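Each chain is listed here by its residues.
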Amino acid sequence: MSIRAYVPRDSSALSLGAESVASAIAVEAARRKADVAIVRNGSRGLYWLEPMVEVETAQGRIAYGPVTMNDVAALFDADFLHGGRHPLFLGPTEKIPYLQKQERLTFARVGITDPLSLADYAAHGGWKGLREALGMDGAVAVKQVTDSGLRGRGGAAFPAGIKWKTVLDTPSYQKYVVCNADEGDSGTFSDRMIMEGDPFVLIEGMAIAGIAVGATRGYIYVRSEYPHSCRVLDEAIALARAGGFLGDNILGSDKAFELEVRKGAGAYICGEETSLLESLEGKRGMVRYKPPLPAIAGLFGKPTVINNVITLASVPIIFANGAAHYRDFGMGRSRGTLPIQLAGNLKYCGLVEKAFGVTLRELLYDYGGGSASGRPIRAVQVGGPLGAYLPEQQFDTPLDYEAFMAIGAMVGHGGIVAFDDTVDMAGMARYAMEFCAIESCGKCTPCRIGSTRGVEVIDHIVAGREREKNLALLEDLCDTMLNGSLCALGGMTPFPVQSALKYFPNDFKAAPKRKVA
Amino acid sequence: MSDPEQDRNAVISRVLEERKDRPGALLPILHGIQDALGYVPREAIAQIAHALNLSRAEIHGVVSFYHYFRTSPPGRHTVYLCRAESCQSMGANQLVEHAKAKLGVDFHETTHDGAFTLEPIYCLGNCACSPAMMIDEEVYGRVTPERFEEVVRQVKEAA
Numbered sequence: 001m002s003i004r005a006y007v008p009r010d011s012s013a014l015s016l017g018a019e020s021v022a023s024a025i026a027v028e029a030a031r032r033k034a035d036v037a038i039v040r041n042g043s044r045g046l047y048w049l050e051p052m053v054e055v056e057t058a059q060g061r062i063a064y065g066p067v068t069m070n071d072v073a074a075l076f077d078a079d080f081l082h083g084g085r086h087p088l089f090l091g092p093t094e095k096i097p098y099l100q101k102q103e104r105l106t107f108a109r110v111g112i113t114d115p116l117s118l119a120d121y122a123a124h125g126g127w128k129g130l131r132e133a134l135g136m137d138g139a140v141a142v143k144q145v146t147d148s149g150l151r152g153r154g155g156a157a158f159p160a161g162i163k164w165k166t167v168l169d170t171p172s173y174q175k176y177v178v179c180n181a182d183e184g185d186s187g188t189f190s191d192r193m194i195m196e197g198d199p200f201v202l203i204e205g206m207a208i209a210g211i212a213v214g215a216t217r218g219y220i221y222v223r224s225e226y227p228h229s230c231r232v233l234d235e236a237i238a239l240a241r242a243g244g245f246l247g248d249n250i251l252g253s254d255k256a257f258e259l260e261v262r263k264g265a266g267a268y269i270c271g272e273e274t275s276l277l278e279s280l281e282g283k284r285g286m287v288r289y290k291p292p293l294p295a296i297a298g299l300f301g302k303p304t305v306i307n308n309v310i311t312l313a314s315v316p317i318i319f320a321n322g323a324a325h326y327r328d329f330g331m332g333r334s335r336g337t338l339p340i341q342l343a344g345n346l347k348y349c350g351l352v353e354k355a356f357g358v359t360l361r362e363l364l365y366d367y368g369g370g371s372a373s374g375r376p377i378r379a380v381q382v383g384g385p386l387g388a389y390l391p392e393q394q395f396d397t398p399l400d401y402e403a404f405m406a407i408g409a410m411v412g413h414g415g416i417v418a419f420d421d422t423v424d425m426a427g428m429a430r431y432a433m434e435f436c437a438i439e440s441c442g443k444c445t446p447c448r449i450g451s452t453r454g455v456e457v458i459d460h461i462v463a464g465r466e467r468e469k470n471l472a473l474l475e476d477l478c479d480t481m482l483n484g485s486l487c488a489l490g491g492m493t494p495f496p497v498q499s500a501l502k503y504f505p506n507d508f509k510a511a512p513k514r515k516v517a
Numbered sequence: 001m002s003d004p005e006q007d008r009n010a011v012i013s014r015v016l017e018e019r020k021d022r023p024g025a026l027l028p029i030l031h032g033i034q035d036a037l038g039y040v041p042r043e044a045i046a047q048i049a050h051a052l053n054l055s056r057a058e059i060h061g062v063v064s065f066y067h068y069f070r071t072s073p074p075g076r077h078t079v080y081l082c083r084a085e086s087c088q089s090m091g092a093n094q095l096v097e098h099a100k101a102k103l104g105v106d107f108h109e110t111t112h113d114g115a116f117t118l119e120p121i122y123c124l125g126n127c128a129c130s131p132a133m134m135i136d137e138e139v140y141g142r143v144t145p146e147r148f149e150e151v152v153r154q155v156k157e158a159a
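First to last, the sequence lines map onto chains B and D.
Residue 1 is where the first sequence starts when you use the working numbering, and the numbers rise one by one after that.
Residue 1 is where the second sequence starts when you use the working numbering, and the numbers rise one by one after that.
Only chain D is shown next, with the shape it has when bound in the complex:
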C-alpha cells in the first residue's frame, strides 16, 4: 500500500523540479499539480513558496484568485455548465436548474456518490451551439435537459 500523502508529495516535487525555473513559473506549476492530483493540496502551498522563494501568502493569493484552481479534491468528473449570455439566450438558466435538481447539488458541490462536481463556467467558445457544457475536457453543444441526462449517464457508466 502506498501512502497517499507521500504520493502527493512526490508529484509536487516532480512538478516543481520540472517547472520552477521557467519565467513566470507559478501558473504552470499550479496547472501541473492540479492536472496530476485534481486539485492543489494545502501542503503544496508551502513547498511551492519555498521553491520559488515567495511567501505562502503570495502563493495562496494566486491560487485563490483563479476560479479554475481548487484546493479540495473534486468528484470523479467535473461538469461545467455555461452561464454566459449566449447560452442564456438558448435556455441555460433552465438547464442550470435542471442540472442542480438532477444531481442534487448546487454549484461548487459534489454529488453524494462522488461522481460529479458541478461548476459554473463563463463561456466555452461554443456559442454557436448554445447552451453548452463541458465534462472534464469534453465539450457538448445544444444541451437540452434530456441530452444532459443522457450524457451524464454515459459518462458515469463509462467510468
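Bound conformation, chain B alone:
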C-alpha cells in the first residue's frame, strides 16, 4: 500500500513554496521507486512551519517543516516516509503544543482531511449535522442554533438564531442563504482556511440553514483576492451535488438547496451585508438603509439569511453534537469557540481556535511567542482595520465580545495584528482614515468626506500646524463619523484613530519617528 504524504494546498502554504515541495516529493519518489500518494490537505495553521509536510506512519502522522524543495532529497535519505529523524522533524503533529492546546470545533478537520474528498469528509463526521437537520421541523432546527448561543462571527456578533428565526417567520415563495466570504479585514484568514481546507463544512452549514428557514438557493460571495478559494469551492460544490448533498432532492429527503459561488471585485465595503447584497444583485456596492433588515427583505427583496463563513461553518457541529455541547465552551454571552488569527509582527503566526475567554497576553506570548523582530510588542489591533489599537496595559483583556466592548474595542472577526516598538501610531491613524477614504461607498457624508478631512487633519497635527485646534477638530470629526455614518466603515474608523491618540499621544507630537533600520 502506498504511503500517504500530506503537502498543503492552502494559499499561505503555496505562498511559501508548497507547490514546488509537492512536485519535488513526487519526482524524488518516482526516482527512488517509493510508493507515495501525495494528499493536498488544508493548512494546520502553524504558518511558521509551512510548508509543513506530514506522513502517515504506524505511530500516527509525523510532521516536518518548514520544508523547501531543496530539503526533499535529504528527507528521503532520512527515511521520512517512515517517520525518520531529520533536522526538520517535528514529531507527531497532534503533539505540537500550539495545536494540542487548542479547542478545534469549527476547524476540526482542517489540515487533517483531503478538502476535496467526500469520503474523507464523511469519515471525519461530515454530513452528520445535515442528516439531523433533515429530520427536524424548521422551528426545531432554528432553535438548535439559538440554543447553541452562536453569534455572527463576521464581526457584528448578532445572535445567528434570531436572524434565522426572522427569515423562517417571514413568508415568501423564495428565500435565500448568502455566505459572506468577503474577508477583507487585515489580519484575518480563517474564512480562507475553511474555504480551502474544509469547503464541505461550509456547504453543509449553508444547506442546513436553507433547510431550517425554507430557502432553496444559496450564494457564496468570495472576494476576488482569493482566487484559490473560488476554485476549491467550485470543485467542492460540484462534488457535493454529484453526491446528492445539494440539488433538488437532498439525500432523498425531497428537500432542495442549490449553491453558487459569486466573485467580488476588490471592494472592502462589500463585506458589509447590505452592500454585499447590492453587489450580488449586480449593482454598485452601496450600503442600504436598515430597516428593512435583510432577514425580511434581503437579496432581490426576499428574506435572506446572511452569515459569515465561520458562522455557517460552525453550524454542522452544532447539529451533529447538539447545541449544549457547543454552548458549554466560552464565557458570559460569548458561547462556543472562536478561530483566532495571529498575524503581523509575531514569531508564531497562525490559527488558534479556542473557547472565548483566552486573554490577549496568552495569545500574543504563549501562542505567538512575542514579536518576530524580537523587539517589544507596542500595540495590537484586534478585529481588522476598524478595530482599536490596544497597548500593553490592555493585554489581560479576555477575548469576549462584551469585555472588548467595555474597553472600546471589538473582537470582530478574531484577527490580531501585532506591531513592535518601531511602529508610528500617527501613521497608523492616518492610514485608518486613508483606507476609509479609499473604500467608502460614498453614500453617507461623514464617511465619504470625513475620511478625507481626517487624513488632512492628522497631517496638520503631525506637522505641528495649529496643533490644539486641529486636535479638537479631529475629536469632533471622529464624533461625527461615529454617530452620523450609515454603516460600520465610517462609524468605526474613528476607533483606531481615537485609540492611537489616547494610548500613544507622543507619536502625534513631533514629525513622525522614522522606522528603526
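Everything labelled a hint here was simulated from the structure, so no lab data went into it.
On a predicted model such as this, the values are computed, not experimentally measured, just so you know.
For every residue, glycine included, the Cβ atom is placed at its ideal position computed from N, Cα and C.
Nothing false has been slipped in among the hints.
Calculated Cβ distances over 12 Å to all of chain D for the following chain B residues:
id: 1; residue: Ile3
id: 2; residue: Leu99
id: 3; residue: Asp137
id: 4; residue: Thr146
id: 5; residue: Ala324
id: 6; residue: Thr397
Here are some chain D residues the structure puts well away from chain B; computed CB gaps all over 12 Å:
id: 7; residue: Arg56
id: 8; residue: Val155
id: 9; residue: Lys156
The following label-pair restraints were derived from C-beta to C-beta distances:
id: 10; chain 1: B; residue 1: Gly243; chain 2: D; residue 2: Glu137; range: 24 to 32 Å
id: 11; chain 1: D; residue 1: Asp3; chain 2: B; residue 2: Leu251; range: 47 to 55 Å
id: 12; chain 1: D; residue 1: Ser55; chain 2: B; residue 2: Gly374; range: 55 to 63 Å
id: 13; chain 1: B; residue 1: Ala73; chain 2: D; residue 2: Asp113; range: 36 to 44 Å
id: 14; chain 1: D; residue 1: Thr71; chain 2: B; residue 2: Gly408; range: 40 to 48 Å
id: 15; chain 1: D; residue 1: Asn53; chain 2: B; residue 2: Asp35; range: 56 to 64 Å
Given the coordinates of chain B, work out where chain D should sit on it, guided by the hints.
The following block gives chain D in isolation, referenced to the frame of chain B:
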C-alpha cells in the same frame, strides 16, 4: 490576420450570451470579460447595457465602483502589493517603496516594457506570512526586497 476589435466583440458577445440571464448577472459578466481580455473595454459598456436593458451610465457606475475592474489593458503581469496593517507591521511600506523604485512606476502604472502593472491591494489573507504580494493569481509570502526582485525576475523570464 484577425481583427483585434472583432475578436474583442466576439468575446463580449460570448460572455453576454452565457451569463446575461443569471440573476444579478452584471458582476459575473464583467469578470468573464476581464478574465478573457484582461480589462473591460469601453465598447463593452454599450453592449452590456443593451443586453441587460440598463443604461450605459449604470454599467459605467458599476465598473468604476470596483477596484478590481479596469478599463485599459494591464501589463503582461499584474503585481499586487498588500498595503494593509498586518503587512505594514512587517515592512510593507518599505517594500512598496522598493518595488516602485525597481519597477520605475507608481501604483496603477505599467512598466515601459509592458511587463508589469503595479497595483495596491488591501489584504490577501496571507497575514500570517506578511508582507504579502500576488502576481496574477500567485500569492507570495514573507516578501523581502530581495525576494521581490527574485520573483519578479523569474516571472519575467517564464513569460
